[in-house]
Amino acid sequence: MIEIRNLHKSYSTGQGTVEVLKGIDLTIEQGAITAVVGPSGAGKTTLSHCISLLEKPTSGQVLVDGRNLSALSGQALRSERRAIGTIFQHSALLRRMTVAENVALPLRNLGVVHREMEDRVAELLDRVGLLHKANAYPGQLSGGQKQRVGIARALALRPRILLSDESTSGLDPESTQQILDLLDDVRTELGLSVILITHEMDVVRHVADQVAVLANGRVSEYGPIGALVADPQSGAGRQLLPVRALPLPAGFDYALSVSYRHGPVDPEWLTRLSTGLGVRVALLGGSVEAHGEAVLGRAEIGVAGRPEAEVRSYLEQLGLVADPRDPVSTAAAASTRTATAPPSEGAEREANEKIGVRA
Amino acid sequence: MRPTETAAVGLDTPWADLPALLLPAYGETWAMVGMVMALVILVGGATGVLLYNTDSRGLFPRPRLHGVVSWLVNMGRSLPFLVLMAAIIPLTKWVTGTTIGIAAAVVPMTLAGIPFFARLVQNALNDLPRENMAVGLVTGSSTGQIIRQTQLREALPGLTSAITLNTISMIEYSAIAGTIGAGGIGYLAVTYGYQRFDTHVMAATIVVLIITVQLVQFAGDRISRALLRP
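Same order as they appear, the protein sequences are chains A and B. Per numbering that gives the first Met the number 0, the very first residue in the first sequence carries number 0; after that it's consecutive. Per numbering that gives the first Met the number 0, the very first residue in the second sequence carries number 0; after that it's consecutive.
Everything labelled a hint here was simulated from the structure, so no lab data went into it. Hints should not be assumed to be uniformly reliable.
Unchecked claim - Selected chain B positions facing chain A (Cβ under 10 Å, derived; list incomplete):
hint	residue
1	A30
2	N125
3	V137
4	P229
Using N, Cα and C, we set each Cβ at its ideal position, and we do this for glycine too.
Let the hints inform the model, and build the full structure from the sequences given.
Structure, rendered in structure tokens:
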């Protein structure tokens with residue numbers, strides 16, 4: 000389990016101090032996949048560097064199984080940081096080493112004996128399905144293969160936590176899916192906590208159990224994916240399962256934004272609504288998909304024939320949450336957009352403007 | 000006209016005698032360059048690694064130390080070799096006990112070569128992906144392991160090019176050092192070719208220098224390419 004407690008990180012620049020992380024609190028249970036999303040400049044990379052212990056937080060703690068690793072330095076840090084395996088954005092394999100040598104690097108630097116090391120490297124490469132590429136150089140691999148080698152390397156020291164920093168960015172959909180499946184497998188088989196830093200909402204929806212939305216250096220939303228999607232007020236939920244709906248056609252009274260609740264939903268709810276209440280229903284847009292055992296779904300419908308309150312309470316009984324579309328979805332979508340305006344980029348821009356003024 | 004021509008031809012060393020003159024001088028040139036390069040790779044290489052890693056994005060950022068080293072390197076690079084050679088004669092004398100000959104040439108050549116090589120090494124390291132260092136850190140490597148594995152080893156093709164470039168510069172400097180009686184091909188060119196108007200020696204030294212530089216560059220490129228991985 001990894002706990003992040005009131006994490007602050009500031010950088011001093013020529014124009015003063017820029018606070019990138021303004022008090023992050025996150026708890027990631029053992030065996031869970033948590034995605035950290037947010038626009039560029041929200042502090043994702045800084046948070047990632049604090050978790051991988053590449054940077055020391057200004058204040059706050061990174062606790063792994065109760066041990067505060069962010070306070071360590073030198074030799075103690077070197078040996079404790081193997082609790083966290085890191086996968087980098089561009090795999091970051093050493094180009095002049097073979098695949099096997101790359102995977103062996105962490106083992107070799109810890110002084111693992113040669114024979115044992117060979118076995119472990121073979122086992123790791125087998126796990127990521129690249130044993131036949133052991134003697135190839137990274138330049139001979141595809142992007143997805145490189146990233147799988149990166150995962151093998153990150154697993155070499157048997158970490159408790161796997162940190163993936165934009166590891167699927169720039170990969171084609173098929174490779175992305177392979178990487179996500181692999182992460183899901185190792186989570187299940189090795190009981191790892193996985194932290195997935197990403198800007199790709201599809202990735203999040205496919206593999207994560209929970210999502211933390213980072214905005215302006217703070218966690219603006221945090222919860223299980225199902226709960227966020229089921230919450231019509233959640234900006235993250237809307238981004239996770241976007242619905243591009245048609246405008247309300249003529250002849251309909253009002254539009255509703257409908258979310259599947261975290262729980263059983265009658266798959267025939269549209270028919271039920273129409274026959275049960277005797278209303279006309281137009282489907283304006285929608286998206287329904289499986290997420291593990293649960294179902295994620297959002298839809299927009301046009302209704303004619305009965306008052307809104309009655310329709311909403313009927314949908315409630317079917318396991319759905321309905322909200323009027325216009326005030327919520329359009330206004331909230333707009334407000335989400337403002338809320339996710341990149342803060343540190345804003346600060347940078349401000350700083351640049353100051354320089355511009357001075358110049 | 001004719002007598003002058005005959006006289007001029009008469010001053011030239013006969014072609015047949017050139018090898019006996021050139022070969023020992025060529026050996027001396029390589030002795031100088033070899034000695035200098037050994038020192039330059041050791042000290043200049045270490046300085047380059049220091050410059051790279053004390054930088055703000057290096058392994059152990061030390062802005063003030065970086066500034067001082069960078070300033071010293073720039074200073075060493077700002078003097079033309081001939082000026083440097085003349086300026087440090089007292090140091091040369093103190094180190095080697097003499098101001099002429101091969102030993103005396105090695106001191107200014109080394110001093111000129113170290114800052115040059117330090118910058119070349121720094122550049123070669125700068126060309127590496129920035130994540131290399133993070134890889135070293137998160138895999139729990141020591142500082143020495145990171146420098147060896149993720150910096151020097153990964154930069155080997157670039158470092159080979161740096162050594163090639165520096166070696167050629169040192170061959171050139173050894174010729175300049177010929178003016179203070181350093182020996183080697185340069186000394187031959189100055190004493191025979193320039194001061195005695197010996198056209199044969201002049202032509203032969205030029206040909207030898209051109210071929211040498213071409214060969215060094217060719218070999219350097221080949222080695223550098225062989226070190227590249229797909």
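key: Earlier hints that do not hold, by number   = 1, 2
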